[in-house]
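Here are the chains, one letter per residue:
2 protein chains.
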Amino acid sequence: MATNESVPLRIFSLNCWGLRYVSKNREERMVMIGDKLSRENHDIVLLQEVWSEKDFLYLKKTLSSTHPHSYNFKSGVIGSGLAVFSRHRILDVFFYRFSVNGYPYMIHQGDWFGGKAVGMVQMKINGLMAHVYVTHFHAEYCRERDIYLPHRVVQAWELQQFIRHTSRGADLVIVGGDLNTHPQDLGCRLVRAYTGLRDSYTETDAFDGCENGLTLIAKNPYVSAKELGPFEEGIRIDYILFRGSKCVEVKCESLSITQGSCPGQAIPLSDHEALSAQLLLVPTDPNRQKREPESSEENTGKLAELVDLVTEARTEVKVGVHCAERQRHRAARTGAMGLALLLLELAMALVPWLLPASAAATQPFPRGSFCLLGALCFCLLLLATLLWVFHSGEIKALRSADDQMRLAAASLLDEHRGRTPTPTRHAHGDSPANQHAGSTSKED
Amino acid sequence: MATNESVPLRIFSLNCWGLRYVSKNREERMVMIGDKLSRENHDIVLLQEVWSEKDFLYLKKTLSSTHPHSYNFKSGVIGSGLAVFSRHRILDVFFYRFSVNGYPYMIHQGDWFGGKAVGMVQMKINGLMAHVYVTHFHAEYCRERDIYLPHRVVQAWELQQFIRHTSRGADLVIVGGDLNTHPQDLGCRLVRAYTGLRDSYTETDAFDGCENGLTLIAKNPYVSAKELGPFEEGIRIDYILFRGSKCVEVKCESLSITQGSCPGQAIPLSDHEALSAQLLLVPTDPNRQKREPESSEENTGKLAELVDLVTEARTEVKVGVHCAERQRHRAARTGAMGLALLLLELAMALVPWLLPASAAATQPFPRGSFCLLGALCFCLLLLATLLWVFHSGEIKALRSADDQMRLAAASLLDEHRGRTPTPTRHAHGDSPANQHAGSTSKED
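Listed in order, the protein sequences are those of chains A and B. For what it's worth, numbering that gives the first Met the number 0 labels the leading residue of the first sequence as 0, then goes sequentially. For what it's worth, numbering that gives the first Met the number 0 labels the leading residue of the second sequence as 0, then goes sequentially.
Bear in mind the hints are in silico, worked out from the structure with no lab data behind them. Check each hint, because a few of them may be wrong.
Put simply, identical chains are the same to the list, so a pair is met inside one copy or across any two.
Subject to a maximum C-alpha distance of 20 Å in a straight line, what follows is the list of computed EDC-like cross-link-like pairs (lysine to aspartate or glutamate) [to be verified]:
no., residue 1, residue 2
1, Lys218, Glu231
2, Lys60, Asp402
3, Lys23, Glu52
4, Lys59, Asp402
5, Lys218, Glu232
6, Lys245, Glu202
7, Lys250, Asp198
8, Lys53, Glu311
9, Lys245, Asp198
10, Lys23, Glu297
11, Lys53, Asp402
12, Lys317, Asp307
13, Lys59, Glu210
Bound-form chain A, shown alone:
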């Protein structure tokens, strides 16, 4: 660290709801977001759903003096929507697109077209290497019958893997984004338990915002009661998470979350609320052994928690595999039907050639319907093939995640049994949970 003094670090995160032609008052709101950000002068701004490149360029221009460094993560068909603005120079970037992310035929929901992902930017803040992540998970459209839950669990699994594997050299890890999962949901617990990241809402000394830290609230005029379902007041699905290392301790001094429209403004910034966290980086002496080694009971408790989590995640992923297999089976059946009908038609078309001339003249099939049926069969076959290919890919991705989880679970159990010694050499900057997760998974 350049100095031994504590350094404040202000982080902003907002899902901007910036879908062209769909999101209400988009341009007006982007101006408001730009104004707010240039006024409040955060160190790092993590945005989601900046789908339009025009909006990104507008913000980049607006923030050019306060946040001269920026990056827009391109992905999918319309872009990942993830963007970072920073006062500190961005030294390097890396990007991971989640292996599953909804269905292309759910065009009205559009998640698939965004290519949801996690982006990482690296920067030096007061001599500390900070790895900053911005992410966005698949939306939850119906909590009671959530067909996207397995996809979101896999996204959470991949997020924790990406963070664990790419944050080894970091003094400071910051994650911001819309996880589309409640704090007690599996995805959120998975990410936190495996990465050792701390939640700014539960860790803050001072909080300003709706009760329970809600970030999608009923009093936001863009949010419908239907969206919130049984959670009348709202839900908490946007997060700022953080973690220090052995050379810096990170504290959350304050967290403020907007509550619908800002004072003096007719409309809110977005359908989501904006999070603004003030962290404090407290340098520690790297040579001093800070933490007491964990007791055997604590360690066993944490391992058991991780095993339970992975088992729970595997159950969800298996449900996903089952659904995807059923969908693929349906596609195969439909395709077979289309093919059979097409062959039948072909046989019917051959009838006039096989019958004697007099009989052929009385061709019994009206030509128009005949051609229409043929075309319909062809389209059916084509669509069924595409669906079969898509769901085959989905099954492969879900099974891949399940394989990784099985390996992780076996490894945790092995450690629990005391067969594998806990590695210490590679635990630099990692949380205890991270040590378990990162270095002890077992073979397939």
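Keeping the supplied structure of chain A fixed, place chain B upon it in accordance with the hints.
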């Protein structure tokens, strides 16, 4: 390191050519591969093109006593084909699917369906943390008019990024695979220069194999002269690369590459040759400053080389963006044509309703052709839409790589100008090239 003695490490890499129904003598060859591997007892076996799960399970069973630890990376529609067998326990895995990988409509080539990727497994070898990577790039079908070059350059870029960002905690990095690029090709140079990995062929003390280390050779009966083009003898496209760290030096004692059929065998193991490298891990005193600090000239030379490489890569990627945009434009034009014809047909269908009854009776359009044309237009519109969506995604992925390269190039130039001090804190285990690349990229 557990002991201070040098430890030998044997690595095997082979593209197994295991495509069901297509690859010749597949089952026979898998038996041969299994026999060879169980006999030769390598520490780590890195396989590509094990497309069939049945083959993977066969090898897993055959090698269960010699290589009890294994992992098969699932990806794409038919799988990534990447598999690892190891004598050492696999502790953790991570997987990155390349953002571009050919075209789904090139069904006869099939690369797209494999979901080409890089897989990482972590293991402890004699107390050292080894990160082992296995990868496979898109094939090169025509060197003179290589439409896949931009995709392969992006794959090389993503491979170096993945290795750099996930190997920070590693004492030892090993990469094996079929890069489908010659040693002097851009992709190969990009990976080596950015990661600091060393090529076992150029570094080995003893070599046994075809001249120039060829791995796709004319005398292999499965290789056609057409495949090799102007390189009559063969080409070198398969590699075993490695890197040590400040606590272990890695030497390549010997490298042997098969030369077609093995003695006593009628057929070779695959259309590619198998690589077998004997490495030696020499522990070093981590406290001793081993390397002389690089001179300013050396440093400047390396930076200049990296800048040239990134500039060259950007040029290729830009060509790729241009081609993808042209393809997308073509798809849009075809779709528009299909839509216009469909609307015209609709208008024609309305004619009988608009004309007086007597005129309508003399409907001039034969109904069969009319319906066929309608169906054709619909299919055209559907296919054009799918192509437009696919190429939009391709453009996004290529532009994303270009953005990252621009950031990297700007950063290298910055460093060259001496504005950014060379970071040292985060260089643990990294090559000098890696230090430059990993920590100095600049904002978008």
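Quick check: which numbered hints come out false for this structure?
8, 10 and 13
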